[in-house]
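Those sequence lines, one after another, are chains A, B, C and D.
My numbering puts the first sequence at residues 5 to 114.
My numbering puts the second sequence at residues 290 to 803.
My numbering puts the third sequence at residues 499 to 1149.
My numbering puts the fourth sequence at residues 555 to 749.
These are calculated hints, taken from the structure and not from any lab test.
The hints are all genuine.
Below, a list of computed lysine-lysine pairs in the DSSO-like style, where the Cα atoms sit at most 30 Å apart: (1) D:Lys644 - A:Lys102; (2) D:Lys650 - A:Lys102; (3) C:Lys535 - B:Lys758; (4) A:Lys99 - D:Lys650; (5) A:Lys102 - D:Lys729; (6) B:Lys595 - C:Lys1082; (7) D:Lys644 - A:Lys99.
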Amino acid sequence: MLEVLASNPPGVFHWLVLSSLLFSIGVYGMLSRRNAIGVLMGVELALNSGALNFVLFNRLLAPATVDGEVMSIFIVTVAAAEAVVGMAIFVLLFKQMKTVDMTQASQMRH
Amino acid sequence: MGLVSWLIAVPFLTALLVVFTPAGKVERIRWISALGTGLHLVLTAVVTFQYGRLALADAESMKSARLMTLHLVERVPWFESMGIQYFVGLDGISLAMVILTSIIIFAGVMASWKVTERRKEFFALLLVLVTGVFGVFLSFDLFLFFMFYELAVLPMYLLIGIWGTGPKEYSAMKLTLMLLIGSAFILVGFLALYHASGLHTFDLARLAQVSYPTDFQRWVFPMLFIGFGVIGALYPFHTWSPDGHSSAPTAVSMLHAGVLMKLGGYGALRIAVYLLPEGAKIWGLFFMAVTTINILYGSFVAIMQKDLKYFTAYSSVSHCGFVLFGVAALNFAGMKGAVIQMFSHGIMTGLFFGLIGMVYGRTHTRIIPEMGGLARVMPWLASTFYIAGLASLGLPGLSGFVAESHVFLGGFFGNPWHSAGVMKALTVLATFSIVVTAVYVLRGLAKVFMGTIENPHFQDLSDATLSEKISTGLLVATLVFVGIMPWYLVDLIEPSILPLVNRLHALGPVLGQQ
Amino acid sequence: MQNADLSFILRNSWLVPALPLFSFAVVALFARRFSEKAAGVVATASVFGSAVAAGLVARDYFRIFPPGTDGQALVPWSIEWLRYQDRLSITVGVLVDPISVLLMVVVTTVSFLVHLYSTGYMRGERGYGRYFAFLNLFTFSMLGLVVASNILQMYMCWELVGLSSFLLIGFYYSRPAAVAASKKAFIVTRFADLGFFIGIILLGYHGFNLLDGQHPFDFITLSSPASLEKLAGATSGFLGVGLLPLAAVLVFMGAAGKSAMFPLHIWLPDAMEGPTPVSALIHAATMVVAGVYLVARMFGVFAAAGDALLLVAYVGAFTCFFAAVIACTQDDVKRVLAFSTLSQIGYMMFALGVSSAAHPMGYTASMFHLFTHAFFKALLFLGAGAVIHATHTSEIWKMGGLRRKMPLTHATFLVATLSIAGIWPFSGFFSKDEILLSALASGHHGVFAIGLLTAGLTAFYMFRLYFLVFSGFPRDEQAGHAHEAPLVMLIPLVALAILSVLAGWVPFSDFVRFGGGGGFHEEGHALVAALGTVAALLGIGFSWFLYAGKGTRAEALAARFGALHLVVKHKFYIDEIYLFITHKIIFRCIAAPVAWFDRNVVDGGVNLSGWCARVSSRGLTFLQTGQAQAYGAWLVGGSIIVLLVAWAARL
Amino acid sequence: MIWSKATGTLLFYLFAVVSVALAIATVSSRRILRAAVYLMGVLAVTAGFYLLLGAPFLAGVQILVYVGGIVVLIVYVVMLTRSSDLAEDKPSAARKSTALLAALASFVLAVTVFKSSESAFRGAGSQAATMLIDDTAMIGRALLDRGPRGYVLPFELVSLLLLAVVIGGITLARKIQVDQSAAPKESSDGGVANA
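If we strip away everything but chain A, and leave its shape as in the complex, we get (with noise of 0.2 Å):
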């Protein structure tokens, strides 16, 4: 069993694979959540599974090069950005209505 194991590492596919299961299950997570600090953690998932795929990309295609590594921390920085600045509209949002639920927030209509 060992060696079946030694024999077929993880290829480019089988962590492609992973990485857009990780984000449909983020896309889940925005679409299905009606918290918005859940749509908020959907949009985590999805941004940390484009990172993987830069780190995957960059070792497994040119491994010499740091290029995609440079893209994830990139990646990781907006992530945090965009987290903080999301948490402040939905205190706001709680302050005003008194809830997060995202499909009360529907003035934005016309």
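On the provided structure of chain A, position chains B, C and D as indicated by the hints.
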């Protein structure tokens, strides 16, 4: 900065000056605009003499030229990469139009002496609009031409929307949208020319040296002609003009009907026919038929109008029909007639709308049946109104006749590419308009000025004030001057029409490189 | 005939039309500044100067071409006014030839006398300066028309004449009837001028193509036999009709409009709304004969056109008879004279119509009648003016017995009436006799018969007018205390009376003839003269029988005819037909639908597009639910589809 | 080699299963706080992946920023908005189904695209991520390298972004005096302690 650039800069600087004077100083704003436009009149005179001297020098070579020769040319590269440059110059047709516009804007400013609300923005916008118009008439780079064209059309929305009367928002919206749709057609045409020429330039002079394939011209010419036709009140696209003019304030409708509608005719002649002679030959007869409808349709509808401004707007639709009719005739007399008609109708309609504004200022009504017998209280306005009316029905001795006789002769004498019979028939149909015009002009003016005054309020109306007398006096003088001594205007225009005709006949050597 | 050795006056013969133009400008611009009287004096002086100049031009012209010989056309002065193309231009110039000299003299003389008369007649009227300015404008444009060397110059002056008649008819602009009449006059003549203009362009077009090297619009070219042959052959391309006949008919349409021939005569009776001197000058002596002059000027084209002349003859004859019949039933003195003018012009027209290149006797007769008619018709109108001025009414049934009250006016009026009736010593007899003779000699017996019958009718209605106005006793207290006209009005009356007599004795045929043809026929002279006089005397007797004294017998006769009388009185309801055509058909059935079409269909189309944009946008609002996650779902769905398409395309 | 190829593969599959399970738990758990914890788990496992892929510095950054910073912030705000104590009601069937559909569609599409472009990276990654290269220095140098391949511009821009976000966060969430009076009465009582 050469003379021609000053022609464009003076109104713009005046506008800036007006913008920077505090709104409170009503008197100063009026005087600045008056002086600015007055200075422009002087500048135009100087340019005319200058041009006169230059043009005489090469009048002979024009006989066989196939490319227009420009004078007082100024070229400054603008967007090198796209082949766009600030290329302004002057030739007979542009100079005639510049003179017309300069006179009309001066008269317009004089006629709007008593505009009350927000005077500063009004004069500033008016001067920006006229800068755009001057720009169009003087620029020979298609991109620059289009830029000034938009500059001329857009302030119109504000001017009608804010200072207008009646359904002003609706008319402003309609006018601007239709004109912009027209300019969209024009833009498509320009870009097509830009690519098809392969010269990677917008320079009209160099684009003219390329001969475009016939089927290319088959679809680009109508695109350009209809694009320009929208603003030149071509038949199906004229509906913006009655509403637009009747809602616009006096000076704006003077400027618009007097000058802006000439952009259409000018553009059709300068760009559509000049660059695409084959296309002109293919579509010439079709547009001649449409413009014949234009002429008769406009005059018949004018008979039934009750509002003075609608009455004049439809009359100017009919007269603009003459312009495009002349252009579509594609021969020397026809095209020359088109340019003269542009000039003479510009002055005429400017005078008409100016006077309507003045009468409205006194009687506060534009409905013809409500007025009567005004000649007794305002003899000056009545007589100038009648002179304008007589000029519009083409009475000899006034400029209307010179233009219309040219156009009719041009139409009747036909050209080698269209069937002579159809052109003669169309011209005869068009000549019927002089009778219909006489009917509606005299009926309208008689109802307004003749007879006795029924409405007691009209008993003590005042006659024209000094500024109004100057404005109407200047316009009447121009009408009579061109009517009695037309050779000045005709000699100014003729040398510039020759290249267009030669190009159509594709004969004569190509004049030296520009 | 080099220009240099022409006399001074001939070389600057442009003075004749120019003087009234300058004085028009002066009076029009400064009418308000200086006193009323000055305007009258300036205007009258300028026309007097122009009359003297015209006389000198005539004298010098006939010194070059003595009366007996055949007068050539001279163009002593001309400038190129407007150039359409290299050989196509309007040249403004002076053409001097027998008929233009004749017209110049007639127009300036009558105009001067009318100006003089007007200073008296119009004193105290509002707009005195304006009146004289317009009268001068008219004199200028009429003279411009007469001396025109280029057909387009004639067309331009033609329009200006129309304009000045419009301005003068509508002089009393506060009266709606006058305004309507002026409008009607201008529009009807404008409609006729349309035909004229198309005729001109047609001639110009074919002339330009066929007569290479010559200016197609100049009269010299149009009347030179060589070019006429070239043109004769051409067809005008319009339904195969020959060029010259079509051009001639179109030009005649213009002439018919201005000279108020049958279909287009409706404006002349209404034109009497203008002041009487205006009617005298414009609607009797000068403007209305412009049409006759045009046909005479273009006689070369007409003669070459063959059947066009027939049309002229028949229209002329019919108008002659038709107008005379109506004149017998009119009650307004100026209307009677208006219809009599119509009838007399009918005479001139059919005189031209019956003549031809072979024997142009009618041409001379027509010009002769034009010459004489100008004087006695002007006199009639001025006399009527004096009467109206005195009795303040123009209804002949309210006048009567003015013979004793206004002796001099009565005398001059009688002279003119005898002259128009064609009684021997007076000028009318000679010219009408010539016309009848030319009709008989050229074999147009039908036309001759109508001419003779109308001569009788003319005598009848003129003397009916004379008896009702002057004989008997005043039927209205207004007429009762009428008084003689002031001196300044009487001088022109007397002058015209003298001219009406002398004009007949002028050996006209030596002065005016077309091409080498002989002047008047000799044989058959006495017969026609006798027949004419008998017809005239019959007319006079019959009208004496009816109208002299109490005039009651007239009502009885009128009653017996009843319906016919009514129809004729209302001018055969032709005015009503025209009104019906213009208002009901043109306005109601063409202009209104077109206006409706423009407002609803063309405008509607634009508004429709606006409406569609609004409706479709409202339709899409259901997409904007406000739920952020709904947008998220659309976003993901959209991106997936885009990816699919991109990926499939790559595949 | 830190660990043999076999353990690498084993670890990969182990981590994969754990992270997917935790992710599903994050998006589906009814109590938001628990979801936050699961999210922390997923992020931690991803740090593990980074280690597997031989990017130790990134794993550190991941743990530090994502887990340490963002999840803590989320938990903080959950507390602030008192949404932790109220059980979140189940998302309606329609929402779940559309979300599921969208997620599945994107997954299937991604996989098919990867499947079909398999050939593109045929030879890549054959030696798998078994050795751990310490490339932190290289990352540092790349970040500040002004040359064409350098990331100094994005680096500065990101720092700017963070500054803007910080300011934004403060202004958004600060106690608003101005429209306090306008806002309805009860919102100003005791006021929630804001960030």
